[in-house]
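K.L.:
Start from chain A and add chain B according to the hints.
Listed in order, the protein sequences are those of chains A and B.
Numbering of the first sequence is given in our numbering, commencing with residue 15 and proceeding in unit increments.
Numbering of the second sequence is given in our numbering, commencing with residue 54 and proceeding in unit increments.
Keep in mind that the hints are not guaranteed to be accurate.
Think about it this way: if two alpha-carbon atoms lie no more than 16 Å apart in a straight line, the pair counts; the simulated EDC-like pairs of lysine to aspartate or glutamate are [what the hints assert, rightly or not]:
id, chain 1, residue 1, chain 2, residue 2
1, B, Lys174, A, Glu97
2, A, Lys165, A, Glu176
3, B, Lys201, B, Glu157
4, B, Lys174, A, Glu94
5, B, Lys126, B, Glu157
6, B, Lys174, A, Glu96
7, A, Lys87, B, Glu144
8, A, Lys189, A, Asp171
9, B, Lys126, A, Asp171
10, B, Lys146, B, Glu158
Read the hints as simulated data drawn from the structure, not as lab findings.
These numbers were taken from a predicted model, which means no experiment stands behind them.
This is what each chain is made of:
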Amino acid sequence: MSAHQKHRYENDCKPDENRNKGASRWSHCRKRGADGSLRKSHEVEEPGKCSQSSRRPESFTTPESEGPVSRVKNWGDEVEAEEMRSNVRRDMHRYRRRILEADFPQRDRKISSGSSDSRDSRDSKESPAKGDIETDETTLVRRQKQINYGKNTLAYDRYIKEVPKHMREPGVHPKTPNKFKKYSRRSWDQQIKLWRVKLHAWDPPAEEGSNLQQIEEIDLGEIMDFELDVECSADTESQCPASSGASLSLAEDTFTGTPKKMMKIEDTEMS
Amino acid sequence: MQTDRMETSSKEEYKIQSFDLETQKLLKTALKDPGSVDLEKVSNIIVDQSLKDQIFSREAGRICYTIVQAEAKQTNGNVFRRNLLNRLQQEFKAREETRQRSTEEWVCLVSFICNIFDYLKVNNMPMVALVHPVYDCLFRLAQSDALKNEEEVDCLVLQLHRIGDQLEKMNLQLMDKLFNLLRDGFLLQEDLSSMGRLLLLEILEFRAGGWTLSETAQKYYYSEVTD
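Isolated chain A (complex conformation):
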């Protein structure tokens, strides 16, 4: 019995009505009966469902669905989806408030850090106009899922422990893409990809499973220096300014350019 079948009971609940009769008004267009079994035309109810119980509707209530309803739903999935949607809505309210606060700063308030980057609102070039944020729930949920995949990694855990938000430098340190900004699908997907590649710099040191580190050390002789420089700037709380300045910008290019060797690794790793 699936929740889908509940949709079939479109009239008001009248408990005494026999709803499971073989031939009802709609049975000629229904492939399946109320119990989910394929219906042959005018088939009598199975003996198991005697008249006593067949008088009872499968469901007294007709659910209203919030979105596309799949044929078989389990409560675990439904609640997770609910949670994602309500999280996204909550994030949206917070984000809107934060944008407003940035425009009308209140003296004693710190802009609290939430799931989207709080610096956005200060940069007028990047900051979305008040109405111009992504509000489509499906899109937001999809983007949030992609963000969650990235945040569910050991690399991310290590990254956030190592580099507190106020120490992060744009370009050097990976920054979670802002799901509320308007982007095309391709642009967004690319941002996510680049973000995740950047996060790999914080992958845990190689143990049994991961060959990634070894590959990098062997094949990427030249790039290894950049790796070390990036690690260096991450490790030191204040920057190593002049000394690694040059190599830092190289590292940045390396990562944003996605050099071929890195791409190979990405493919291997992703598979």
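P.N.:
Leaving out everything else, chain B in the frame of chain A:
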């Protein structure tokens, strides 16, 4: 000793006295260190017990909620909640057979589902996915063959006392329909026990009063008879 006191209080808080000691230990570990236990197993243990133990069925929501929170915090997972809900869904699907087999199990099932609805909130909102299933259970209890059983009426009014206002907020229309059935049952059904009738009258007044009893009604229903 303080440990004993803490032990007892968590037993009382979560009403897990009816479990054997080993299981109690497992549950306590699940509360403190969910990542270290088999959460699927834990959810099954809880559901199984809820179907047998009337007291636990009415209170199990609390321990479930705590485990869900603990797991989310520790591992960012929701294995426990997902298993719990899917298992609950199975039991819900089989509710008619359960009712035929054993009224007590059926009543426990309803109490448990409602208790979960009460405690397991998503971002402080009740789980939408459970609204219709809960109503289904209550509508079933409002059928004439159920109203004549005091046990079932008692279960019905208990749930309405506890979560009626929340349910109504989620779906007013269904609550109105349900209460039409209760009114009809009260007025027209001849084979109600007098206790059954009393319970129905009280719940009708309770809702009419905005999910609370007036002082006089409270006195009427819940005070000792003096004459």
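K.L.:
Tell me, in ascending order, the numbers of any earlier hints that this structure violates.
P.N.:
5
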